[in-house]
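Enquirer: Sequences are here, hints too, so could you generate the full structure?
Residue numbers (the numbering used here), protein chains in the order written: chain F, 1 to 757; chain S, 1 to 757.
Some clues are possibly wrong.
One copy or two, it doesn't matter: identical chains are merged, so the pair holds either way.
[Stated by the list, open to error] DSSO-like cross-link-like pairs, simulated, lysine-lysine; straight-line CA separation at most 30 angstroms: (1) K77 / K749; (2) K428 / K77; (3) K422 / K566; (4) K260 / K31; (5) K696 / K428; (6) K555 / K76; (7) K229 / K9; (8) K374 / K741; (9) K263 / K71; (10) K394 / K428; (11) K630 / K157; (12) K77 / K9; (13) K749 / K426; (14) K294 / K374; (15) K157 / K749; (16) K426 / K76; (17) K696 / K9; (18) K375 / K583; (19) K114 / K77; (20) K755 / K426; (21) K62 / K554; (22) K755 / K77; (23) K566 / K583; (24) K533 / K583.
FYI, nobody ran anything at the bench for these hints, they're computed from the structure.
As the structure is a computational prediction, the values presented were derived from the model and not from experiment.
2 protein chains.
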Amino acid sequence: MDNYSVVGKRTINRDAISKVTGCATFTGDIKLSGMLFGKILRSSVPHARILNIDVSSVLKLKGVKAVITSKDTPLKKYSIHPKMADKLVFEDERVRYIGDEIAAVAAIDEETAKEALSLIKVELEELPGVFDPVEAMKDGAPVIHDNCENNISKHFKMECGDIEKGFSKSDFIFEETFTTHGQSHCSIETHTCIAQYTHDHQVTLWANTQAPHPLRQRLSQTLDIGLDKIRVIHSHIGGGFGSKIDLDTTHAACVLLSKKCGKPVKITNTREDQFTATRIRHPSICELKFGVTKEGIIVAKQARTIIDNGAYNSHGPSVMGYHNVMFSSLYRVDNISYEGFLIYTNKNYGGACRGYGDPQATFAQETMLDMIAKKLGMDPIELRLKNANHPDEKTANAVKITSCGLRETLEAVKEASNWSEKRKEKRKYRGLGVASMIYTGGGSRGSGFNYSGATIHMDSNGTIHLFIGATDIGQGSNTILTMMTAEILGVEPEQIRLTTSDTDTTLPCMGTFGSRVTFCAGRAVSQATDNLKEKILDQAAEILREPVDTLEMKKGKVFVSGSPEKEVAFSQIGAVSYSQKQKALTGTGYYDGPEIAPDFDPKSYYAYPGPAMAFATQLAEVEVDPATGKVEVINFYAAHDLGKAINPIMAEGQIEGGAVMGFGWALSEEIKFDNGRIMNPNFHDYQIFTIKDIPKIVSILVEPEDPQGPFGAKGLGEPAMVCTAPAIINAIHDAVGVRIKDMPANSEKIFNGIKEL
Amino acid sequence: MDNYSVVGKRTINRDAISKVTGCATFTGDIKLSGMLFGKILRSSVPHARILNIDVSSVLKLKGVKAVITSKDTPLKKYSIHPKMADKLVFEDERVRYIGDEIAAVAAIDEETAKEALSLIKVELEELPGVFDPVEAMKDGAPVIHDNCENNISKHFKMECGDIEKGFSKSDFIFEETFTTHGQSHCSIETHTCIAQYTHDHQVTLWANTQAPHPLRQRLSQTLDIGLDKIRVIHSHIGGGFGSKIDLDTTHAACVLLSKKCGKPVKITNTREDQFTATRIRHPSICELKFGVTKEGIIVAKQARTIIDNGAYNSHGPSVMGYHNVMFSSLYRVDNISYEGFLIYTNKNYGGACRGYGDPQATFAQETMLDMIAKKLGMDPIELRLKNANHPDEKTANAVKITSCGLRETLEAVKEASNWSEKRKEKRKYRGLGVASMIYTGGGSRGSGFNYSGATIHMDSNGTIHLFIGATDIGQGSNTILTMMTAEILGVEPEQIRLTTSDTDTTLPCMGTFGSRVTFCAGRAVSQATDNLKEKILDQAAEILREPVDTLEMKKGKVFVSGSPEKEVAFSQIGAVSYSQKQKALTGTGYYDGPEIAPDFDPKSYYAYPGPAMAFATQLAEVEVDPATGKVEVINFYAAHDLGKAINPIMAEGQIEGGAVMGFGWALSEEIKFDNGRIMNPNFHDYQIFTIKDIPKIVSILVEPEDPQGPFGAKGLGEPAMVCTAPAIINAIHDAVGVRIKDMPANSEKIFNGIKEL
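Expert: Laid out in structure tokens, this is it:
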């Protein structure tokens, strides 16, 4: 048993009260003196050459203060992969999807700005579009980006072991193709930002970004503004799920409009903007070939994947990298081959979306495993246990696994769900399905960095103040990180004052994505706090005239172990250090890992692994209505290896939220395109799971302490949804015998499937 | 010759462009979502018992959201001297001056709030008032504060040497009485603040304060709110001159109103509020007795001073302390006696005001010296040179003088003004006058503290970011402090990103007053920057594989001395340190001095001296119109020992601004009372000097490097106005023979004086 006072305790989210009482400030709540409102003109056709943009009538409309086009930009392309940058702030020669940005205006109110957009005359020469990645790869298909024949943005091949030898040693070969569809992040708060570009060329951007520090960097590069001139500030954030990591044209347009008007400018996406002009989860096609022995050991596995990039790269290349790494690392398989194609189409482009390529890979692999288990007549949990990863191993694709609770998650859902009993006493139209997953538990160094910094001060009156670059987007990192500090210093978490990511006042942090904050920011915070603790103890030792190693900290005091009457309060330590010793009490922490393993070959393995890997198994019990094909999730069990759970109540919250997002992706959510046009850009036609659709979710925390993680913790945010869909889809097959290989498993497909049985 | 690249160079104020283009954000520019507006009900009589306050009709007015009285406060008294706290946020039993706070309201706009004030029914029993401190000290005078007989808030006596022996050794004894009057600070921006008290009991206060960190502390104490729950933020500030140091009822009322409404509340003083409900410069009566030898050596000096406190203490006790210390320290005098009385009256109360008691003392002493010089037939400059302080001495009252350029300032104005020639060829109605002064050049530890902290980061891309608790109120500390950092790191000052005083993001700093920022914050900034420089050099040494002691820094690079081709850019040092070494580059600096000299007796000497003393001599040439008594300042020479001038152009700006404030105090500015009521609370009736009244001011910088000051610098802000008035008043005597001993030297007094000659 650990001996923690704060860590591991069910602790209320420190932002809860301000959020439920409505006093938390979101970016949308911010008003600046003289603030104008911006709107963006977006392409209404999927593919066209821009012949002319005439903005001459726009400023004649009363209340319009500025109009900008590509001519007002330095024409620098951006992407999260600098070497694969392909997107301009405003396109100057060609539009490539319905939503592509052409111009922007600023006016005294949103209505006037909207009216002003209609006065911009854009002359276009329409070009044939291509919307299917397989079509797009064919010779003669419309070329979306110059010099990109067959629309292949990225092609990648990797082999570990000997794939052919592997297949030849197999008793059974399985070959299947799986496809997945686009999903929207559906954050409750749409993208909003306010830029203030002042005459002394200082830029402040308030934005609901997941990654203020990288956003600052990308703004600097894309707009040719010195990094030292830019400040990015975020307020509370109403969800991100990956959609708010990147530089977006709204940010750049806001800055340029503000520069042109000399006034602050705000741009707020409507819900339709959010659906049609922000990123989506990449659709994919995944052809799998598995070689398995009759005992159920996977000897070889091969994937050939096409990722539908949409019109631009954004995160595409690394989403494909993660698709590969996660597919290849799950289970102990010696012989692996992976080939990936990232293909441009004239559609909304993909971006980071909770799971980052892994849900697509896991859907394919875990459905395949279910099919293999069926074929071998083996319990699907047993099959997974036979192939499960172990702690302290290195996978064939060189991913270092330290802590690993995969086996325990399989056993936990089995027990919690009463799996063995239930499978025996099978009820009609009811089924059970299981799926597992691997994901990074602390980001990765895929882009060369995985940094998080923290500073901490003890004030002259003993108050503790923590500064973190990490961003709480609702997931609770503010609570988790202050709990770590509170644990180390022996105070209550609510006593810790917190400043979060404003690029001016916090050390750099890559931001909130990749399930990295608990791990990486946690490492930084722990290090900073340890560093401060040392200084506090040194000062206390001097005051108490006792050796440092006899001292303990608790309840805002330092005292001599075993002689608690020999004590000194934090307030006095602060006062003495600042006022008598003229020494500020500050600590610094910085993490940027993991170090790359010496035998790791980035060329062939493509994406670096994370510092720790998280595992999970989820188990769904569904009931299918044969009359409609509608699936109801009756019971849901989610066992997650998250290392040490810093705050179990919030971990459960993440698991529940992840599962719900997975339910939607599996069953109801789908971005529907018609010739490149999104047909359902609203919550009426695009259906997310609501409170009435959600069953009780049983969260099980498996906590093998990770040797590198702060207090043994690992990340959980994305794993929570990665294997939800295959668990449900496997349960559907168990219930009615319909095997869904092209997601989503909507009622129509199941109804038709049942008819065709 | 120093070898500095940045320090000492005429550098444009880094805030100049944003201010002249109107894009600098002041507190008044801030709008928050749902923001309400507050107004304060103030007493309209000078002295009364509060019988009842009836607020029952107030909330019936549409648009009024809250009304508060003393019942909504914890009834804690405040002051900058905690042991002498005598002011409540809202008075509950008695009002003591016209302007005393009784209640406050918040409403949807200022007009409604104003109307709401008229609905508060206050039942008062008027009491006799006393407005003259001499009357107030008499037995039987109305007692303003319970248990404070004769209205003496503080009585203080000090003697150094043997005063009677001193007088007995003197050839001449001079006895005179000098009086000074109230002055308003006249900051262009009035007091403004916005409080946001959220449901989770977090308080943010945006205020144009000179001292955010102490304001946070006083808010905490006065309102019983944990220090860790309060954040104070300031924007650009339109002048302070001492008026914006303290907690004010506007701040506390804003917080309490916001707490009551659950909405942010803004209070902005009108100009009339500013005149009638903020602090003033203390009026004073100073009886001097000087003993002098026939050679002009001051053997003994004695002062008996009455400081007119007004209704409450505020800074009164320490203003009296400074009056004593500065009076006693100027010139080498062995035998000194000082007696001070701080007296309550039913008038607006005094506070900190540029010079802090010293202008009153210096007016008295320097006019006295002029009279002595006349009597002895001695050149007034010669008289001062004979008695001038020396470097590295300790005065009789234990003030440690390190650097001292008093002698040089006397010689400098003499030469620049052509003093000797001009005195010979005297023109009618023209006269020359001179006055010197001593003042702290870096605050003092009078309150037990004199702290300033700074932190500095090098970002992973090499950007330098400085964080200071000090507040730029227009005097230019943002520029001065970044120049120091730029000098140490070998970069341009405008390349340094700066975050200033937000209590959440900066180390504590006492704030901007006491001419302390250049010295104290400068010490902190230099220390922090040296600390960072060391870390940068260590990292550079590792990259270059060269010993640290062979390295130099310039232009954003580190290179090997003599082999500039062996270089590494800051950007690379940042990248390597953060990303490869996983080390953040940060530095910390903290100053809180000086240490109290071991032989210093705080009981008898009352106020601690500063870490360094500044000196000045100013010389005025005036012309008097005998028909009207109007004085025109024709030429003005100001020689200031400010240690090393970090930025001469801004030092000159301070000297010019100080002189203009001194002109106003000497000649035109006077708060006129009638039975406790200010009769001229506007810029029509209260006349400040404007651009058309101001002569060319010749600033002379005397720069003996101070051994403790950062780069040898000392403070200058207050010294700039301390001896202006006596220089002018001595010049008036020289011009027309009228000796003004009761300030101001307005036309009426001079006209009458000429008639009476």
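Enquirer: Now look at each hint and say whether the structure bears it out.
Expert: Hint check:
no.: 1; hint: K77 / K749; verdict: neither (41 angstroms within a copy, 74 angstroms between copies)
no.: 2; hint: K428 / K77; verdict: neither (56 angstroms within a copy, 76 angstroms between copies)
no.: 3; hint: K422 / K566; verdict: neither (61 angstroms within a copy, 73 angstroms between copies)
no.: 4; hint: K260 / K31; verdict: both (19 angstroms within a copy, 22 angstroms between copies)
no.: 5; hint: K696 / K428; verdict: within (21 angstroms within a copy, 100 angstroms between copies)
no.: 6; hint: K555 / K76; verdict: between (54 angstroms within a copy, 27 angstroms between copies)
no.: 7; hint: K229 / K9; verdict: between (42 angstroms within a copy, 23 angstroms between copies)
no.: 8; hint: K374 / K741; verdict: within (15 angstroms within a copy, 108 angstroms between copies)
no.: 9; hint: K263 / K71; verdict: within (20 angstroms within a copy, 43 angstroms between copies)
no.: 10; hint: K394 / K428; verdict: neither (43 angstroms within a copy, 100 angstroms between copies)
no.: 11; hint: K630 / K157; verdict: neither (39 angstroms within a copy, 93 angstroms between copies)
no.: 12; hint: K77 / K9; verdict: neither (47 angstroms within a copy, 41 angstroms between copies)
no.: 13; hint: K749 / K426; verdict: within (23 angstroms within a copy, 109 angstroms between copies)
no.: 14; hint: K294 / K374; verdict: within (12 angstroms within a copy, 119 angstroms between copies)
no.: 15; hint: K157 / K749; verdict: neither (33 angstroms within a copy, 97 angstroms between copies)
no.: 16; hint: K426 / K76; verdict: neither (61 angstroms within a copy, 72 angstroms between copies)
no.: 17; hint: K696 / K9; verdict: within (22 angstroms within a copy, 71 angstroms between copies)
no.: 18; hint: K375 / K583; verdict: neither (71 angstroms within a copy, 54 angstroms between copies)
no.: 19; hint: K114 / K77; verdict: within (27 angstroms within a copy, 55 angstroms between copies)
no.: 20; hint: K755 / K426; verdict: within (21 angstroms within a copy, 119 angstroms between copies)
no.: 21; hint: K62 / K554; verdict: neither (64 angstroms within a copy, 52 angstroms between copies)
no.: 22; hint: K755 / K77; verdict: neither (51 angstroms within a copy, 82 angstroms between copies)
no.: 23; hint: K566 / K583; verdict: within (23 angstroms within a copy, 36 angstroms between copies)
no.: 24; hint: K533 / K583; verdict: both (14 angstroms within a copy, 18 angstroms between copies)
In this structure, the hints that do not hold are numbers 1, 2, 3, 10, 11, 12, 15, 16, 18, 21, 22, in rising order.
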